[in-house]
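Undergrad: Counting along the sequence shown from 1, when you hit position 8 you're at 8 in the working numbering, and nothing is skipped either side.
These aren't lab readings, by the way, just hints derived from the structure by calculation.
Heads up, some of the hints might be wrong.
[Stated by the list, open to error] Each computed SDA-like pair below joins lysine to any residue, with the alpha-carbon atoms no more than 20 Å apart: (1) K40 / T3; (2) K119 / P448; (3) K74 / K119; (4) K151 / S135; (5) K405 / F450; (6) K430 / F450; (7) K40 / Q15; (8) K156 / P171.
Predicted model only: the values in this text are computed from it and were never measured.
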Amino acid sequence: MATPVETFFLDPDAQGTLQAQIQQMIAEAILSGLLPRGEKLPSTRKLARHLGVSRITVTLAYTELQANDYLSSKGRSGFYVSENAPEPPAFTPRRPGEDRVDWSRAIGRSFVDGVTPDKPQDWRSYRYPFTYGQSDATLFDHNNWRLCALKALGQKDYAAMTRDYYDQDDPELVEFVARHILPRRGIMAAPNEILVTLGAQNALWLSAQVLLTQRRTAAIEDPCYHTLRDILTQSRCHLAPIAVDSNGLPPELLPDETDVIFTTPSHQCPTTSTMPLERRRALLDRARDLDALIVEDDYEFEMSFLKPPSPALKSLDREGRVIYVGSFSKSLFPGLRLGYLVGPEPFIREARALRSTMLRHPPGLIQRTAAYFLSLGHYDALIRRMGNAYHERRLVMDGAISEHKLAIAGRGAFGGSSFWMRAPNGVDTKALAETLKASGVLIEPGAPFFAGDNPAQNFYRLAYSSIPAARIPEGISLIAQAIAKA
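Using the sequences plus the hints, can you model the full thing?
TA: Take a look at the structure:
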């Protein structure tokens, strides 16, 4: 296939003959890397018609470029970028002209100063990836997902795939969430109380935008999900970090001015502690006394393989104070970017209106594919398979951690997919993580999870969702050796 002819434009301010301008245009495209070696160019007829010049002008330009070894011809098939063409420079060429915009003044608000860390995109290339939140290709049901995608692409579902839902969602996905997912958490909700989101993170952002202002106060757990803190900082609300203990968020520590409480009671992020039933009731009572709302992030309830999960906070709510956030990113795969918000209709109506102005709705094809995967039973089978694998890996990791005398700071009572670890005082786990990369080991430093200017540096998270059980002991051994040398 030839490079699209629409790629080429003559500079109206260029000097020289048309033939020279065409030669320069193509040479610059080759030198910039836009046209790699072996790339086919548009035919002389097409390019001449597109540029509004004679065909002989383009032919002469191509011929001259061929003489200079920029191009080569292959019989009647046309002209190609020569295998001997000059290599693009290592630097990125600038476009003509200078950027004279003062971006420090032009940008009204900055969003790049958060603490969310960069995670290696090539984590699969590491032998011991104790990375959190990534999918394991050996566990995922590729075949049935593919079949569900093909089904969603069929003529019967053409409207679901192509229609503009505007501010609505795929009714089949919403129905499955309402009838099958939420009842497992003791939650009953009508369709107008459910909103599909682009993952839990999008759900948290929508909640913050709808519920908070610069005059309101949000209480967050400390440590907590670092991106949530970024979201709330960007909302310009007042932040009240509350130190968690072994049972999660202590309700009695909530300030009297609290308007919205963000919490992860089932699997506290990142310590994995589970809030007991008595404290959940106390938290609801405290929210009632404060006339505050609660945003419950139940991001990992499906990973409760040790024993059934405790009731969702929302299932205990009798006053409509709890906004529930769920996600399929941990149970299916993170690239799916599907989650959901559950709350009273007035809140969901506002969140729906906000979502429609930003992205209208998650793609209909993805929603319908997920609806088929869930409703045909593949989802439940996947959860069982993941639970069994995670249970095995957890036991192996627990044994290896004990053998090498590493300190566990938090482990989920119901399961989950990670351990929250504490290195000895004085160990900087950010530096430790960089050292371990050379041995093929990935860990997640814990400092970004903490609030304040001087966060604890000696915590780290080890996940077992992406590493085979057989590699865990050796990986833990390498971590222990690195900590001993730190």
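Undergrad: Are the hints correct? Go through all of them and say.
TA: Status of the hints after comparison with the structure:
no. : hint        : result
1   : K40 / T3    : holds, 6 Å
2   : K119 / P448 : holds, 12 Å
3   : K74 / K119  : violated, 45 Å
4   : K151 / S135 : violated, 23 Å
5   : K405 / F450 : violated, 25 Å
6   : K430 / F450 : holds, 14 Å
7   : K40 / Q15   : violated, 27 Å
8   : K156 / P171 : holds, 15 Å
Going down the numbered hints, you'll see the structure goes against 3, 4, 5 and 7, while the others check out.
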